[in-house]
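From first to last, the protein sequence lines are chains A and B. Residues in the first sequence are numbered consecutively from 1, following UniProt numbering. Residues in the second sequence are numbered consecutively from 1, following UniProt numbering.
FYI, nobody ran anything at the bench for these hints, they're computed from the structure. You may find that some hints are simply not true.
[Claimed, not checked] Once the Cα atoms are required to be at most 25 Å apart in a straight line, the calculated DMTMM-like pairs of lysine to aspartate or glutamate come out as:
(1) A:Lys44 / B:Asp132
(2) B:Lys44 / A:Glu19
(3) B:Lys44 / A:Glu45
Protein chains: 2
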Amino acid sequence: MREVLIEAAFQLFMENGFERTTVDDIVTRAGVGRRSFFRYFPSKEDVVFPEHERCLTEMSAFLTTSTDGEPLDAVCDAARLVMRMYAANPEFSVQRYRLTREVPSLRGYELSVVHRYERTLAHYLRQRYAGDRNGALRAEVQAAAVVAAHNNGLRAWLRGGGHGDAAKTVDQALTFVRQTWDDAGESAESGGTASAPEDDVIVMVAPRGAPLWRVVQKIEKTLGDE
Amino acid sequence: MREVLIEAAFQLFMENGFERTTVDDIVTRAGVGRRSFFRYFPSKEDVVFPEHERCLTEMSAFLTTSTDGEPLDAVCDAARLVMRMYAANPEFSVQRYRLTREVPSLRGYELSVVHRYERTLAHYLRQRYAGDRNGALRAEVQAAAVVAAHNNGLRAWLRGGGHGDAAKTVDQALTFVRQTWDDAGESAESGGTASAPEDDVIVMVAPRGAPLWRVVQKIEKTLGDE
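Modelling step: build the complete structure from the supplied sequences, incorporating the hints.
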């Protein structure tokens, strides 16, 4: 029933445009009653994005179990759930992408969905960073960055007609975000010397004018601290 | 006329709520005709956010003239225009903040406005990074990060009743974003050794297992390169 309504709706949106298609048109084409439509979809906009509620639920469930590892890695993995939902049905995703670009009310709907994903990621990061200085700020900035990168990759794939590898395109974009904070890493937090997140790298910061013996002393101290 | 309509509208929103106030109520209270309202405001939502159009125009104009300096500094300065608009009228801003949290259609309106600011910043950064590898991606991620940080600071100020120093709160949040990319900086781009963006700091990266003599050699080489 639900699938039949989605298919009927998209046929009509493609034929007559989103605005000119009514819920009555959709149920007539699908051969079901008007009440059936509203049992599945609160509004005409919802039928365009039928999988986001499920995906939001999956994302929350995934994050609830992600208590170990790097918080930023967990939210990148969570964002990939959205990419996978799009990639599971390239043709439908590309159709919807084109439709959404043309219809202001759909763009508004999409913005609100993206905002809910971002809030879900930020909520998770705030919990992981609880007690850190600037924890909430870091959580919100990183969630926004992950969503922006994910959407940059996803849009590139959609613009390409959904023909390429969505996972690869989105992964490349997410790698940019992870590298940003890997590189900023611990040394930025504490100042002076500190070990980098990776196991095999040391990052050393010293005043440019420092004499070499003092730089060496600092390295020896850092190595001794490990 | 415009100011009178805004004041009448807010009185009524506070007294009766946003949903229960009609445009007819507003023009009656303001003592003007219905057509006057729509001359200034396309919808009831627009009267709640009367300054954003002007601010968006100012932001674009400011960025058009910002062709020198660090691109990220320019977008942080541009974002501050929004904070200043809020800080110019703390009482009104706090009232609106409370109203927006309660009314879904206003939250939707606000999301679309925030999205327009973000697109304006991203558009500027894309131009500044044109030709760079990952330029568009970097532009979109940084724009999202700046907007998230700005809004984190602004919301903290609004939650505090608009009593503190909005500029200070927002500046602290924006500093976090600028430090993120300062620290990731050049060394992340080129790998190995490189000078940090600040004039008086050197960043050195070496394998953790490297013998000390090789680390020193690398420092000497770096210092020699300066």
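Status of each hint after checking the structure:
1. A:Lys44 / B:Asp132: violated, 41 Å
2. B:Lys44 / A:Glu19: Holds. Lys44 (chain B) to Glu19 (chain A) sits at ~22 Å (cutoff 25 Å).
3. B:Lys44 / A:Glu45: At roughly 22 Å apart (the allowed maximum being 25 Å), Glu45 (chain A) and Lys44 (chain B) satisfy the hint.
The structure fails to meet hint 1 from the earlier list, while all remaining hints are met.
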